[in-house]
Amino acid sequence: MSSSLFEKNVSQYCKKYGKIIKNFTDTSNLLLEKTKDDCYTLKLKYLDRELYLHSKYSPIKEAERFVEKIKDFNIKTVFIIYGMGLGYHILELMKYLHEENSLIIIEPNEEVLSKAFSVFDWTKLLNRKKTHLFTGTDRQAINLLLGEFVDITNAENIQFLTFSQYDKIYPEFYKVVYEEIKNYVSLFKISKNTKTHFWNKYNENFFNNLTKMVHEHSINDLKGQFNNVPAFIVSAGPSLDKNIKALRQVQNRGLIFSGGRTLTALIHNNIRPHFVVSMDPGIAAYEVLQEHKKHDIPLITTVVSNDEVIQAHQGDQFYIANSEYTGLIHYFTKKEMDILPLGASVANASAAIALYLGCNPIIFVGQDLAYTDGKYHAQSCQIGQEETDEDDRFEVEGIYGGKVWTNSVWYTFLMWMEKFIYHSSGKLFIDATEGGAKIHGTEILTLKESIEKYCQKTFDVDEKLKEIISNHEKVYQNEKLKTLLNNLKNNLDKLDKISDKALKDLEEVYHCDIESITIEHTRPFRVFEEQINKMMKDNPGIKDILIRVFEEINSNNDFIEKVNETEKEKLEKIIKRNQEFYRQIKITVKSIEGFIENLIENQLESIKIFGARIHFKS
Amino acid sequence: MDKREEKMELVRTAADYTGRLIEGINEAVDLFHEGMEGKALDLVIQIIDGLKWTMEAITVTLDVQEEAIDISEINDAFNAMSEALENVDYVLIADVLEYEILPKVEEWNQKLFITAGEES
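First to last, the sequence lines map onto chains R and C.
In terms of my numbering, the first sequence has 503 at position 503, counting the first letter as 1, and numbering is strictly consecutive.
In terms of my numbering, the second sequence has 84 at position 84, counting the first letter as 1, and numbering is strictly consecutive.
Take these hints with a grain of salt, some might be off.
With a cut-off of at most 20 Å between alpha-carbon atoms, the simulated SDA-like pairs for lysine to any residue come out as follows [what the hints assert, rightly or not]:
1) K201/R with A312/R
2) K168/R with G35/C
3) K43/R with E86/C
4) K175/R with G38/C
Pair ranges (Cβ atoms, derived) [claimed, not checked]:
5) E73/C with S3/R: 53 to 61 Å
6) K36/R with S72/C: 17 to 25 Å
7) D49/C with E569/R: 26 to 34 Å
8) D16/C with Y17/R: 55 to 63 Å
Calculated from the model, a selection of chain C residues having no Cβ within reach of chain R, i.e. all distances over 12 Å [claimed, not checked]:
9) H33
10) W53
11) M55
12) L62
13) D63
14) Q65
15) I71
16) N75
17) D95
18) E106
19) E107
20) K111
By construction, these hints were calculated from the structure, which means they are not laboratory data.
Small disclaimer: the values here were computed from a predicted structure and weren't measured.
Beta carbons: idealized from backbone N, C-alpha and C, even for Gly.
Extracted from the complex, chain R is given alone in its bound form:
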């Protein structure tokens, strides 16, 4: 125990986190006690009891045991340790960590941390990259911290470990941390599954949307064009039936954003929204439009949204980029096209779009995110019989106090919306749903009050839209598109050939005796890798096409190196990883080539005929 040690740790802690840890010298709640093996343990006064945070006999053995019990981790595992204590187990764990491993240590009690700082030198831990020493019990802070560490590639590779009896001593915060981790994991799992599920569909949509995308508008054409115009985001929650008619009063004093599902209800109520937002890649996005599939209201969509919605639509379109297609977008359109944080629902996306357009305030209508009056959707937006999962129901805070029932999908939308509002300082968000779950960060008003208060200025939205559209002339460039498609196809053929060659060589190595394989055997594969890397560098479109293959392979725990793996194990993993990698490339190439051929044959038919004529004449 030394005060200079404490100062050293605090100084490093302060350097990293910009705050200090108080030295709790006189504390009757926490007692540092010598153990039988001449180390230290901590005795904590808890309610009317006294509890040890470490063994009072052998905390080192206890720490070794704690680490020994950790199974199935690799160099990408995220360790979240609930309970620092004096930190014996952290010191032990650090012996086994790879620099790639993320480490979050949560110590709910700052007093305990101050004791740990006076017993051991923690500068190595505090200097370690991918490490955070969290203290306190703030939900939002832990949520933000997890957001920094957990992502789609590691959400299924987390070790959440509780030290000693921390879950019993600090059970409330334990529950918070557990729930937050669970939420992140399920969010990323859904996202990963959606991506995997829709991967092919995203690609199909992208190529089918290309002919429209190249000559329609980029979302950038709308950026900041509606500064301080109120935006009404209309969703299909049960409360929409109550106040939908009030939207007629908005007219040209605000922008109305509709999703696909709410469009029919709005039109039936003689309300023409200013924009329809369509995000989903699946066919459901097309079906919800019902008899209004061929509407001509300006459509805001993404490059990978449902192709049938986009093909049927008769009006102007504004495209938002997708982070995984920026190379392809640039390759085909050469347009500046921004990526927006679109969340998981049309309302999430509409809020982000409204903000991007400069709108303020942003007013939510029909955004119940709850089973108001036991209903799933507004009557006016219901299509057929809706089935709900009775097991997936839980209570959340209601807009007018009390509790309301929601489900995990709506809760994900709610969480996203609250975080979005939190990060959009300076903008006003109003919940004019008049029912449902409370959206923290919003002002609660009725729709009538919102319109009366914020829609006082007339703004000629239609005129403004006409001006934007005429300022950004559409250029039809089908011939150029065909050339680009053919060039891309040539590149894909080349990729396919490289993969064939790599697979053939891998097959030969694989059938050798594993004992006789050395790292030398893997050298030729680097040549293939370099060829692929060069192709990706020369054409970022290729990089986009292969991004999912890389993502899948890199997040597959079967291929991630384990800590302290033998050379043979490493080698075997490299071979299997490469085999899967080239197999996946071949599958992807085949699928993309299919979309390209389909596009050339079906949508660029006129070019085909034109080309045939030239061929005939020559």
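Following the hints, position chain C against chain R.
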């Protein structure tokens, strides 16, 4: 069967039984360390009952034991255990089981086997 023979039989039973008790204590310690306190506490109740029975068996067979066992040596451990249970301190309960009770039961087990004339 004469009285001595009866006592020797009891010593053999107690020797076997303390072997199982050792396994039970180790299992309880592991359960505490794995955070399965409910299961571990169920086992602790059985361990305490088992210890009571063993101590009775040791007391009535004192005159036949080759190396006499002093059961009062475990009193401190019992006191520590009762304090740990009172505080619902799982760390201390596991500690007392592992570092106080287990070594005593291992010692008894060896001495009982010596009397029984078998290897433990």
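Verification of the supplied hints:
no.	hint	in the structure
1	K201/R with A312/R	holds, 17 Å
2	K168/R with G35/C	holds, 10 Å
3	K43/R with E86/C	holds, 15 Å
4	K175/R with G38/C	holds, 18 Å
5	E73/C with S3/R: 53 to 61 Å	violated, 42 Å
6	K36/R with S72/C: 17 to 25 Å	holds, 21 Å
7	D49/C with E569/R: 26 to 34 Å	violated, 48 Å
8	D16/C with Y17/R: 55 to 63 Å	holds, 58 Å
9	H33	violated, 6 Å
10	W53	holds, 27 Å
11	M55	holds, 23 Å
12	L62	holds, 30 Å
13	D63	holds, 35 Å
14	Q65	holds, 29 Å
15	I71	holds, 22 Å
16	N75	holds, 18 Å
17	D95	violated, 5 Å
18	E106	holds, 16 Å
19	E107	holds, 17 Å
20	K111	holds, 24 Å
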